[in-house]
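Residue strings, one per chain:
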Amino acid sequence: MARKLSKRSRTKIQRGVAIIALLALLAAIVVVAILDRRVTQQFEGRRWTLPARVYAQPLELYVGQSLSSARFAQELARLGYIATMPVDRPGTFRRKGDSVEVYVREFRFSDEKQEAQRLSIRFDGAAIASLADANGTDVPVFRLDPLLIGSIFPIHGEDRIVVAPDQVPDLLPEALKAVEDRKFDTHHGVNPLAILRAAFVNVRAGQVEQGGSTLTQQLVKSYFLDSRRTLRRKAEEAVMAFILESRFEKADIMNAYINEIYLGQDGRRAVHGFGLASQFYFGKPLSELNLQEVALMVAIVRGPSYYDPRRHPERALERRNLVLKVLAEQEVVKPEDAESAAKTPLGITDNAGRTANYFPAFLDLVRRQLREDYQEQDLTEAGLTVFSTLDPLLQEKAEIALSDELERQDKSGRKAAKGLEGSLVVTTPQTGEVVAVVGGRRASFDGFNRALDMQRPIGSLAKPLVYLAALQSGRYTPASTILDEPIELKLENGDLWKPGNYDKKIHGAVTLVRALTQSYNLATVNLGMDVGLGPVTKTYVQLGLDEAPPKYPSILLGTAQLNPVQVAQVYNTLANGGFRSPLRAVRAVVDEAGKPLKAPELEVTEAAPAHAVYTLDRMLIEVFERGTARQGKRALPPGLVVAGKTGTSNDYRDSWFAGFSGGHLIVVWMGHDDNTPTGLTGTTGALQAWTRLMASISTNSFEPLMPEDVDDRWINYYSGLETSPYCPGAVSLPFAIGQGLEPSPSCPPGTTQEEAALMLLVNPDGSPEDTTVPAREIAEPEPSAVP
Amino acid sequence: MRRSTRLIVATLLLASAGCSLQPFKTEPEPAAKSSAPPPAGSGPVIAEPPSVAEPGTAEPVIEVPPPAPLPRERPKVPPAKLSPASQALVTQAQSQRKKGDLPGATVALERALRIEPNNPLLWIEMGRLRMDQKNYAQAEAMGRKALSMAVGDSRTQSQAWVLIADSLKARGKNPQAQDALSKAKELSAN
Numbered sequence: 001m002a003r004k005l006s007k008r009s010r011t012k013i014q015r016g017v018a019i020i021a022l023l024a025l026l027a028a029i030v031v032v033a034i035l036d037r038r039v040t041q042q043f044e045g046r047r048w049t050l051p052a053r054v055y056a057q058p059l060e061l062y063v064g065q066s067l068s069s070a071r072f073a074q075e076l077a078r079l080g081y082i083a084t085m086p087v088d089r090p091g092t093f094r095r096k097g098d099s100v101e102v103y104v105r106e107f108r109f110s111d112e113k114q115e116a117q118r119l120s121i122r123f124d125g126a127a128i129a130s131l132a133d134a135n136g137t138d139v140p141v142f143r144l145d146p147l148l149i150g151s152i153f154p155i156h157g158e159d160r161i162v163v164a165p166d167q168v169p170d171l172l173p174e175a176l177k178a179v180e181d182r183k184f185d186t187h188h189g190v191n192p193l194a195i196l197r198a199a200f201v202n203v204r205a206g207q208v209e210q211g212g213s214t215l216t217q218q219l220v221k222s223y224f225l226d227s228r229r230t231l232r233r234k235a236e237e238a239v240m241a242f243i244l245e246s247r248f249e250k251a252d253i254m255n256a257y258i259n260e261i262y263l264g265q266d267g268r269r270a271v272h273g274f275g276l277a278s279q280f281y282f283g284k285p286l287s288e289l290n291l292q293e294v295a296l297m298v299a300i301v302r303g304p305s306y307y308d309p310r311r312h313p314e315r316a317l318e319r320r321n322l323v324l325k326v327l328a329e330q331e332v333v334k335p336e337d338a339e340s341a342a343k344t345p346l347g348i349t350d351n352a353g354r355t356a357n358y359f360p361a362f363l364d365l366v367r368r369q370l371r372e373d374y375q376e377q378d379l380t381e382a383g384l385t386v387f388s389t390l391d392p393l394l395q396e397k398a399e400i401a402l403s404d405e406l407e408r409q410d411k412s413g414r415k416a417a418k419g420l421e422g423s424l425v426v427t428t429p430q431t432g433e434v435v436a437v438v439g440g441r442r443a444s445f446d447g448f449n450r451a452l453d454m455q456r457p458i459g460s461l462a463k464p465l466v467y468l469a470a471l472q473s474g475r476y477t478p479a480s481t482i483l484d485e486p487i488e489l490k491l492e493n494g495d496l497w498k499p500g501n502y503d504k505k506i507h508g509a510v511t512l513v514r515a516l517t518q519s520y521n522l523a524t525v526n527l528g529m530d531v532g533l534g535p536v537t538k539t540y541v542q543l544g545l546d547e548a549p550p551k552y553p554s555i556l557l558g559t560a561q562l563n564p565v566q567v568a569q570v571y572n573t574l575a576n577g578g579f580r581s582p583l584r585a586v587r588a589v590v591d592e593a594g595k596p597l598k599a600p601e602l603e604v605t606e607a608a609p610a611h612a613v614y615t616l617d618r619m620l621i622e623v624f625e626r627g628t629a630r631q632g633k634r635a636l637p638p639g640l641v642v643a644g645k646t647g648t649s650n651d652y653r654d655s656w657f658a659g660f661s662g663g664h665l666i667v668v669w670m671g672h673d674d675n676t677p678t679g680l681t682g683t684t685g686a687l688q689a690w691t692r693l694m695a696s697i698s699t700n701s702f703e704p705l706m707p708e709d710v711d712d713r714w715i716n717y718y719s720g721l722e723t724s725p726y727c728p729g730a731v732s733l734p735f736a737i738g739q740g741l742e743p744s745p746s747c748p749p750g751t752t753q754e755e756a757a758l759m760l761l762v763n764p765d766g767s768p769e770d771t772t773v774p775a776r777e778i779a780e781p782e783p784s785a786v787p
Numbered sequence: 001m002r003r004s005t006r007l008i009v010a011t012l013l014l015a016s017a018g019c020s021l022q023p024f025k026t027e028p029e030p031a032a033k034s035s036a037p038p039p040a041g042s043g044p045v046i047a048e049p050p051s052v053a054e055p056g057t058a059e060p061v062i063e064v065p066p067p068a069p070l071p072r073e074r075p076k077v078p079p080a081k082l083s084p085a086s087q088a089l090v091t092q093a094q095s096q097r098k099k100g101d102l103p104g105a106t107v108a109l110e111r112a113l114r115i116e117p118n119n120p121l122l123w124i125e126m127g128r129l130r131m132d133q134k135n136y137a138q139a140e141a142m143g144r145k146a147l148s149m150a151v152g153d154s155r156t157q158s159q160a161w162v163l164i165a166d167s168l169k170a171r172g173k174n175p176q177a178q179d180a181l182s183k184a185k186e187l188s189a190n
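Which chain is which? The protein sequence lines are A and B, in order. Its first residue numbered 1, the first sequence is counted upward by one per residue in my numbering. Its first residue numbered 1, the second sequence is counted upward by one per residue in my numbering.
Worth flagging that the hints you see were computed from the coordinates, not collected in a lab. From a predicted model like this one, the values you see are computed outputs, not experimental measurements. Any given hint could turn out to be false.
The calculated lysine to aspartate or glutamate pairs, modelled on EDC-like cross-linking and capped at a C-alpha distance of 20 angstroms, are [what the hints assert, rightly or not]:
1. B:134 to A:601
2. A:418 to A:673
3. B:76 to A:709
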């Protein structure tokens, strides 16, 4: 038929083809121009969205710091320092007995850049004995580079640490070229031969073994395009790669590739670029990677999921060694080096499938505090550096203490205590810094953050606030007696509220100190109603909450619902002598250029009279001496003075403990997410985790200075009558100077040790001989403590 | 017999409690304050003669609680000192303040405070920094925090009162500033 076409019609067709070709060319020019504009603009103003990087607090080194050489070596290892000999480059150290030589990395702190330098540290058992620089000059105080604990990445989850060319080991680009794109230095973006070869290899192998994409194409694919594999996208990719190559230097493209490429997945966080991947897999900076580590990273490029060294170590190892072989063949490295590198293990940090040192609950607190001053976009894109208050060692111990206790409860055989959840917060009271946060029993799981997102009744943790209000009123002392007698209160809704005691007993007239340390409900309600709900609820704000709880009588027994961080805020003020410091998780924020930006400041505000808080704190010490936390004392190092309070909510749904030493405040919550009873009190649950942690950290006794307007007196714990230190039931507590106290008739002040000896034999505990109303059983079981 | 002995002891104690100089403990040891008898010397000292004898208060009265005693002198505590590490950081902070690098000074002082959170001198330094930052309320608060840690240390207390006086003056609270200053002077004379 075609042969029969007339000359005329042939001309017509030719003309049509020409017009179409012209149009196609025009369209192509337009498309290329558009792509060119897009590529050039985006690539020139190249700014990766840079999530804010968050660092832990640095380890401070100074003479006298309690730190052993072994623990110091552990801390260095956590920071990715390598034990080696000689110590000749940043990131290396050597420990020999009680001395450590370390080549500290360069680091830009918020106030100054610290150059890389060598330090010699001598330890004297459990403390630093001397600290000197490379010239032997004594250094008074020195910060190690801090641990990178995460980034605040956007919802789409792309996270990276951008590296400059001088932070990239020379081997990496060479290895990338050798394995991925041998013609990189000469091609124009695409390598048709490579594509053909790859197609051939793939067909023969029956699976994708070799990609034909150049590094430039891979970069374009990741940077500009989505991951759909269509022919149109392939063409676009090739054109854009060509444009990129014609507009930019090879070195620029290589650096962009190193920062852009996807190298792994950590939950919903996508690990991009070799800078972050180096931290993600090896826990150290890219510049410090050795041959086998670089080889592994290059191996991962081809399939971050398929060659995931944590999930598929054999595959990853095989491919790494293949990369090493190629590097030797291509004469990038010496064959003997490649061979010995191939014999090494993968060397990745453990923590299967997630970044070492990942603390989602703490990061969550950091993010929320930053949101006060910054837009979400500033945090996820502007490349800020955040210096946080996290103490990695303490955080690790906190996670262990909580999970160990929860496991012990699992195995206790009590059904209600199985599968408990928990949360834990640690602060340093004087500076108000949050040093550890655990949001659940799986601490590295980025899920429901119980430290912040849960609101639970605080139970008896509320009692110290009632007693503080009483002491502040000036009408009560620790020796005042209050009635632990049944009370009926008409509530707002007309219901009658009849609280009861935990031990189902009534104890009659009891001293303030005894009622608090034994956590008597009836005495506390009577006291609170006498002091007034107004003054009591006001103490919540005084001690640091934003708003007071409603003025219901049940608030006296802890129906106010708080999260562990809020409890920490309240108790921090008690641990800090009545000075309120808003809790901080952030110390400083700097921008990309290192300029300091807005960050929460250290603040102290005198929130409650010193004598009242001091007196209350001394009573909280008695909780450990003779109260509900007495058994916790045994698990602590001998002589360590601590103060605290147990909390149990209605029907044993929540088990709390909040308490402090001189250096640390710890708040623990344990319970079920579905709010079912746990069968645990504050003592049998949370206190156990609390003492585990307190006993495992380096801390000091709670020994506040006595304010000038009070003085110690000896009283009988049960009667409140003044007594001698040798008498049974004697307890020393602070009183306003000149406070009138009734002397005990049976064992008055001045009773000698000899005189008291007999009484101690008869009644070593000194229990209620002076008590006017003896304790008695109640026949009927009391209704639950809280309506 | 025993009872009467006790009565006399009690009488003596009450009398002495009114006006004797009781030992002041710089570090309360509440751990020892359980029912176990404390080591000798930590209890009330009965034998000690009343040092500020006041006629009337020495009269033995049992039923009526003794009247308020005179404010007692707290035993002197040696002036607070900085550890070498804190000293280095304070020196650094002071030079940074001179140069106007207040964020830098903040970092240095906070580092020192983490090393020695109970050292009142550091809280005074922090207060001085808050003065530079024109945050006078916090300057005063830092001074008060320092006071709470300097019980018995009149030199440090005096420095804290000077800081408080400065912070009050900066807010135009001149009468209170004057009071604070006279407290500082009184203490430095001790």
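The hints, checked one at a time:
1. Proposed proximity of residue 134 (chain B) and residue 601 (chain A) is supported: the alpha carbons are some 14 angstroms apart, at most 20 angstroms.
2. Distance restraint check for residue 418 (chain A) and residue 673 (chain A): the Cα-Cα separation of roughly 12 angstroms lies within the 20 angstroms cut-off, and the hinted pair is therefore satisfied.
3. Between residue 76 (chain B) and residue 709 (chain A), the direct Cα distance comes to roughly 16 angstroms. Compliance with the 20 angstroms bound is thereby established for this hinted pair.
When held up to the earlier numbered hints, the structure conflicts with none and fits them all.
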